[in-house]
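Asker: Each chain is listed here by its residues.
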Amino acid sequence: MKRNLLAPLSGHWFFSWLLGCVGLCAALSGSAQEVSTGSVSGIVRNDQGDPLGGVSVVATNKETGLSAGTQTDTGGVFHFAKLPAKGHYSFAFSSVGFQAQQLSDYTIKANAAISIIVKLHQQTGALNEVVVVGYGTQKRANLTGAVAQVSGEVLERRSLPNLTQGLEGTIPNLNLVPADGKPITGAVYNIRGGTSIGQGGNALVLIDGIQGDPSMLNPNDVASVTVLKDAASSAIYGARAAFGVVLITTKAASRDKATITYSSNYSLKQPTTVPKVVSNGYQYAVMFDSAWTSWYDYSQTPQNINKTQPFSAAYIAEYAKRDADPSLKKVDIGSNGNYVYYGNTDWYHELYKNRNGAIDQNLSITGSSGKASYYVTGRYFGQDGIFRYNSDNYHVYNLTAKGNIEVYPWLQIFNTTQFTSQTYHNPLNVGEGGGIWRNMADEGHPSSMMFNPDGTLTFSAAYTVGDEFYGKNGININQQVIRNTSGFNAKFFNNHFRLKGDLTFQNTDTAAKQIRVPVPYSVTPGVIAYVGTGTNDLQMFDGKTQYLATNLYAEYENTFHEDHYFKALIGYNYEQSIYNAGRTLRNGLVYANATDLSLALGQNITTAGGYEKWAILGGFGRLNYSFKDRYLVEVDGRYDGSSKFPSNERYAFFPSVSAGWRLAKEAFWHVDPNAVSDLKIRGSYGSLGNGNIASYAFQEAFSISQSGRVIGGVKPQETGQPNVLPNGLTWETATMKDLGLDLSALNNRLQFTADIYSRMTTNMFTVGKTLPAVFGTSVPKGNYADMKTNGWEASISWRDQFRAGGKPFHWNVAFWMSDYTSTITSYNNANKALTDHYVGEKIGEIWGYTTDGFWTAADVANAYKTQTIFKASNSNQWYPGDIRFRELPGPDGKLDGVVNNGTNTADNPGDMRIIGNSKPRYSYGFTLGADWNGFFFAAFFQGVGKQDWWPGTEADVFWGQYNRPYNYAMQYQVGKIWSPTNPNAYFPRYKGYAAQTGGGELTAVQTRYLQNVAYIRLKNIQLGYNLPAGLIQRIHMTGARVYVSGENLWTHTPMFKLTHDIDPESIGKSDNILTGTSNNGNANNYPILKSLTVGLSITL
Amino acid sequence: MYQIKKIFLLCLTGLIVVSLLSGCAKNLNQVPQSTASKAAIFGSVDGLQLYANSFYDGLPALSDSYKTDPGLCDFGAIGNVANLIRPGTLTSRQVGSWGWGTLRNLNYFIANCNNPAIPVATRNNYIGLARFFRAYFYYNMVQRFGNVPWIGQPLSVSDSALYAPRDPRTKVMDSVLADLNFACANITAKTDATATTITRWVAYGLKSRICLFEGTFRKYQDSLAQGLSGTASLWLQNAADAAKAVIDSGGFSLNQGGGPTQAYRQVFISPTVISSEVMLCNAASASLGVYNDANWWYTSATYGSRFSFIRKFINTYLNIDGTRFTDIPGHDTLTFMSETKNRDLRLAQTIRVPGYKRTSSGQVISAPPVFSYTYTGYQPIKWCMEDAQYDNSTSNINPVALMRYAEILLNYAEAKEELQLAGSGTFTAADWSKTIGALRARAGITGVGLAMPTSMDPYMKNNYYPDVTDAVLMEIRRERGIELCLEGLRLADLTRWKHGELLLDKWNGMYVPALNYPLDLDQDGKLDVCFYQTTPPSPSIAGVTYVNVAPTIAGGSVNPQILSNGTYGELHWLDNIQRYPKFYNYLYLNPLSYTDLTLNPNLTQNPGWQ
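If you read the protein sequences in the order shown, they are chains A and B.
Position one of the first sequence corresponds to residue 1476 (the working numbering), numbered consecutively onward.
Position one of the second sequence corresponds to residue -4 (the working numbering), numbered consecutively onward.
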């Protein structure tokens, strides 16, 4: 319960919980025996003295456990006719838009009447909310910068492998896009879009004021998440905060008696999408034959289905027979003594479990005994992997311990210790390396099967799911963070002057052990062979980061002559980080089950170290001044030094200013406060340097790596020319302007906030002027590029209540949307070549050709003239049903008879045009909430209003056999493939490689196959019930609730009209965490999971 | 009491701030520790060696050199006709930039390897290595682009040399020769049983290759060589001398292990390098996890380019008795099974012929040419290891030769014969027998094949080099083709001989006597392939690959795979794709990319290209 008080936005849950319990108890106690009673009546008014109707009034008696509720009538009058005359009563008054009030210690005498007059103060809505800002807090009413905050409530009652996954979509313009659904996948924290195309840079994420990894934090510990969006709010953090700050504040120790809360939930999960492939082996084989043969100009029959299955005309003829008669054997022995398969294998079914479970257990104890208070939580989260074999199990343990001691009334000392341990098993495929999904596309032929009759793996299986069945290959990743913060708060001069200091150390250890051994399979009965014979090794990785941070700051706050409010902050900050790593790989594992480096005996030994140390040092200050709460001004500044810059550019000063005007406080403001209760206009301007750069970027370094060649019997280490260092570097600068408006209206039922902003990122560290190739190495980068990002965000919310069945029904709805676009305004690309950024480029734009349908027998001869740079067959022939590209006029307005990319520049793009944009536009979120009589409901939708996706050459889930003929065939394509009898189909003449090989007609970005991946997703939905207080008090509990919750249960995107096989949120590069920047196919990813959770929470 | 404590805390805070500011500020100076400094690299022999190891990255990548010939040569057919010889498909806008990264790495080393703490001889050994690789780099650039700028030091961003025009061929090639001479003189003389390091003999070997190229180029490419034909003999003499230095070193010999039926191929597929013959190779190693992909590339329907020798080239292999195959009457209608009998034993060691066997899952199996791996029937095995387990991934462990003693012998023979024709020096019968004779003897050839020829082969003259009037030179060129095929040297040979027109050849394959007539290619008693038109014969025979050779196929399109006489004759592949009507002179050089020309306005395009 205390937790809710710390989460200011979550008030409605608290009230609903309370009222629900009270209501039920009242109902339960309706049959109480005859006792002497008294009556209580009263009137409730607002600040202006007008009576308030619809106020809920709850009478509680702690001694008897009784509670009863009523509501005021239109005249503001309430009445309890018969309250038992025993013990002490308290009365709680609440109404939407007003601050709740409680009156205690009323004694009711028999047959006596008490009357109460209550004045409820109008809530200034969210304006009274305390918002966390840099090195302090502020009332929302006094904010002048662009700041958004949500309470930890948004993370509750959900099954979240990590915190980052839970924050997606909760805050306008905090853009978190996880690469896939893997439990260890976090996301880059981006605020307000385009940052830098040079050094890059993301938002600074601070946990209780200290840099940390949010993915390693216990979501249950989060009290609030605040996003500082504009330069003025971020400036106090200086060079690290050029692209905004995310402040995560953890829950504080309670000042009351001890409370123990136990919560637990259990979830069942499954992928949001599982590609539906043609799993009938015969149909697959026929489609393979067709795709292969047509690419090879119909002149030959394939000999194999890729590597693992022989193929011939005789085989397909026999397959037809076996397919028609299911009683025939599915495996046979061929004339050469090898197995012949007639399978119907859906490899996705072999790969994934039908569902996987997850469990979350959280225990927290908080309380205080006099001058010491404490907060301790422990959590276990475990998620079974999605894979049927060698599954990717995931476990996290969190421990947090906080303590405060009031040494003197003016001095508090506190300490916080956090420990997190996360383990994850990532299975690997050694056959060809890379992610399992791409390997399945290559070798997961439905015509093959998983096992031979003798139980050994088939050749196809060994390359794919069989490796997981074998179960020996994978990486075990263990990440541990231990962090301790000690500090003090001191108050002087009647709390006008405060001094605060803290010191944090944080050790992050990442250890990974990778084992790869060959996988046995059998092609001939009794003969075992292996795939991955070249890969038989063990790798140990250990990386440690030792981080140290200290802050010391002083604050002075006072109000002079009533109208002049003044606050000043000055402080000092130092941080350093030391990273050390070691990597050892050795081959020749002595037997397949060996799991220790001592048992790797081969001669291929690779070792590598790693070291980085950086330090920053800063002095910062902030001045706040307000006059009559009407005119608000804030000035921030920070002087920063960073080891990442050369000594002559090491220090820099970053100032910013912001101001606000609360119109509603003006004397001339005569609008009824019930209509518009508060209106504020804000503006800010600030300029920040981007210090998010790599260490040592400005020093000549000879990096040493292992040669890929065998020279003299060893793979020697080698080094080479260092990069050419640039001259005269300076900081990248992000300058941000922001104009905002905050409005509370209609008795604070309506809240509206909107901001428009522009961010100029200047002097971005990008490529220098291109030099002739004889320069021989990359041209040193310099401060050459500028980019402008314009955007806006707005949120509107409404909350209200009415009575239903005699009980108050509270409901609320909120909607937000944000958008931004970034445009390059300066870049070294004089010719505007499309291979690089150019001035005027809108980030994300997609250039492509215009598809003009298909060639027909009548006109296909023209294809040879106009489409020479494209291919639709191996020998460059064109057939009816191949893609016809439209010729568009060149810069001179004329058609040149050829479809090409001109000079591949923005000014002469030939027949290419901008056909879409890959950046998400109009991101939005939508929440609904309601509670009644102990029941509560909440739903949270999230989505993107506009986004285009080009599937890319390796997106085999999209292209199926158009990618490689031996890929699985996609069920969704059946019936959508061109044929003489289906000339208007979506896809062209069936053929392999068209979407894979250079120049292939489907590798050309084009209009017809560009996908609209705008989407809306029901991110979370919850339904729960708070058990009535009367009931649970009997078993000495103060709160208990049960709920069901669903994650990602429903999604819609226009792309679903074509295919449901791809999740619109998982369309990026394949298996990012493992394969880094290489790409084994867009959307070939660990699936995003949907889940159904049941849970309970008990407070003692 | 509180006040005193408060004042104490404030003072302490002030003290901490002052000490933190001074103490922490020095932490803002950070130097990398996981990388090395310039002084460390150039100040020790280990540092020089560490740097020199990166030079080797200038050699062809592990799996590249055996793909060079298949990319563009007259030996065989591939999946599609190269853009270079197809009208309208290649312009300067489509080619990539010429790469110069390798050169800068070498120049940076040469410019900085001057630390007096290291003995001069040691430094010169490493500078010699760098200059060897610089010569190798420039040789490739001159081959591809003709005249190029000579750059001898690392350039700074503002160097005017960045915008230099091309230098005359003489300046560049004289500098290359100077580099080679320095390398030959300064690289430590030693032998390397692994054949993976650059020794003095490898330097001489490269010198013979480059000088032979330059000498013959200046002789035959009259217009491209810009009137330098008078200097050809100087280069040929350098080529002959360098080759002779290798021969005289006595360190190398032709492999005879395995006897005539295996000695040639062992050089390419033996897992252990045969360093008596292989002077330099890209080594593979199972224990170090380094592999090449030759089997996969040559034995896959989809992975490689399905390179298949053409019949025209296969015809140049002599009979085992030294007589010419093409002198046999009716040789052009012999089936695959007949024509592969009694030939130069290198044929059976270069392609799959009847009787070729390999291992699959531990069993020895007969392995006929596979008609989804080959277009012509002549499927190469030169680089392919015998066990089929290597076919499906990058797992070959055979070293890939980059320079062989056999090439040095061929270089020597050709340079000497060219010198003789130019009237300076002689190519004697003894020279013949220790070069061409030795190569033929190793291939099992007997009789007239071992002696210096006395008559011109009309087949070679009509089909290959009509301008060659000397029978000995003709045989040297025949030998060079057969011995060195698929080793990546063919395009340079055609260029220097000015016979690019051979690249325009239509691709012919084995002789098909009739339709619907299954053939047993490997003579193991089982039928392997059957050619049909439009509808395959029914019922289909298990194990037989059916190939459609109808003139037109689905939708009325032209079938790229046809028979020369419609229903019988030689297989032909991609006759329907238009090649240039003649090999224009400008095609010998690559175009500079449009981008490179724009970046440096002082560069001019190679004539003929736009």
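For the record, the hints were derived by calculation from the structure and aren't laboratory data.
Be careful, since some hints might not be right.
Pairs of lysine to aspartate or glutamate residues, derived as DMTMM-like cross-links and limited to a Cα-Cα distance of at most 25 Å, are as follows [what the hints assert, rightly or not]:
id, chain 1, residue 1, chain 2, residue 2
1, B, Lys521, A, Asp1929
2, A, Lys2340, B, Asp570
3, A, Lys1537, A, Glu1604
4, B, Lys0, A, Glu2087
5, A, Lys2244, B, Asp154
6, B, Lys33, B, Asp59
7, B, Lys456, B, Asp500
8, B, Lys1, A, Glu2032
9, B, Lys307, B, Asp154
10, B, Lys62, A, Asp2104
11, B, Lys33, A, Glu2032
12, B, Lys0, A, Glu2032
13, B, Lys0, A, Glu2030
14, A, Lys2140, A, Asp2104
15, B, Lys33, A, Glu2087
16, B, Lys1, A, Glu1881
17, B, Lys33, A, Glu2124
18, B, Lys21, A, Glu2124
19, B, Lys1, A, Glu2175
20, B, Lys62, B, Glu381
21, A, Lys1966, A, Glu1881
22, B, Lys0, A, Glu2175
23, A, Lys2042, A, Glu2032
24, A, Lys2340, B, Asp500
25, B, Lys577, B, Asp462
Asker: Next step is simple, just say for each hint if it's right about the structure.
Answerer: Here's how the hints hold up against the structure:
1. For the suggested pair Lys521(B) and Asp1929(A), the alpha carbons sit about 29 Å apart, so the restraint of at most 25 Å is broken.
2. For the proposed pair Lys2340(A) and Asp570(B), the alpha carbon gap of about 18 Å is at most 25 Å, so the pair holds.
3. For the hint pairing Lys1537(A) with Glu1604(A), the CA-to-CA distance comes to about 30 Å; that exceeds 25 Å, so the pair is violated.
4. Our distance criterion of 25 Å between C-alpha atoms is broken by Lys0(B) and Glu2087(A), whose separation comes to about 41 Å.
5. Annotation: proposed proximity of Lys2244(A) to Asp154(B) holds, straight-line Cα distance about 14 Å (limit 25 Å).
6. Only pairs whose Cα atoms come within 25 Å are accepted, and Lys33(B) paired with Asp59(B) is rejected, the gap being roughly 33 Å.
7. Only pairs whose Cα atoms come within 25 Å are accepted, and Lys456(B) paired with Asp500(B) is accepted, the gap being roughly 15 Å.
8. Note on Lys1(B) and Glu2032(A): the hinted pairing holds, with a Cα-Cα distance of about 18 Å set against a maximum of 25 Å.
9. Distance check on the hinted pair: Lys307(B) and Asp154(B) sit about 52 Å apart at the alpha-carbon level, beyond 25 Å; violated.
10. Taking the CA atoms of Lys62(B) and Asp2104(A), the gap is near 78 Å; set against the 25 Å cutoff, the hint is violated.
11. As the CA atoms of Lys33(B) and Glu2032(A) are separated by approximately 55 Å, the hinted pair breaks the 25 Å bound.
12. Pair hint Lys0(B) plus Glu2032(A) holds up; C-alpha atoms about 22 Å apart against a cutoff of 25 Å.
13. A threshold of 25 Å between alpha carbons decides the hint, and for Lys0(B) with Glu2030(A) the separation of about 19 Å falls inside it, so the pair holds.
14. Taking the CA atoms of Lys2140(A) and Asp2104(A), the gap is near 7 Å; set against the 25 Å cutoff, the hint holds.
15. Distance restraint check for Lys33(B) and Glu2087(A): the Cα-Cα separation of roughly 19 Å lies within the 25 Å cut-off, and the hinted pair is therefore satisfied.
16. The suggested pairing of Lys1(B) with Glu1881(A) holds, with an alpha-carbon distance near 14 Å, which does not exceed 25 Å.
17. A threshold of 25 Å between alpha carbons decides the hint, and for Lys33(B) with Glu2124(A) the separation of about 23 Å falls inside it, so the pair holds.
18. For the suggested pair Lys21(B) and Glu2124(A), the alpha carbons sit about 15 Å apart, so the restraint of at most 25 Å is met.
19. For the suggested pair Lys1(B) and Glu2175(A), the alpha carbons sit about 50 Å apart, so the restraint of at most 25 Å is broken.
20. At most 25 Å may separate the alpha-carbon atoms for a hinted pair to count; Lys62(B) and Glu381(B) meet this at roughly 19 Å.
21. About 12 Å separates the Cα atoms of Lys1966(A) and Glu1881(A), which keeps this hinted pair within 25 Å; it holds.
22. Restraint check for Lys0(B) and Glu2175(A): the C-alpha separation of about 52 Å exceeds 25 Å, so the hint is violated.
23. The straight-line distance between the Cα atoms of Lys2042(A) and Glu2032(A) is roughly 4 Å, inside the 25 Å bound, and the hint therefore holds.
24. Of the supplied pair hints, the one linking Lys2340(A) and Asp500(B) holds, its CA atoms being roughly 24 Å apart against a limit of 25 Å.
25. Only pairs whose Cα atoms come within 25 Å are accepted, and Lys577(B) paired with Asp462(B) is accepted, the gap being roughly 16 Å.
Checked against the numbered hints above, the structure breaks hints 1, 3, 4, 6, 9, 10, 11, 19, 22 and satisfies the rest.
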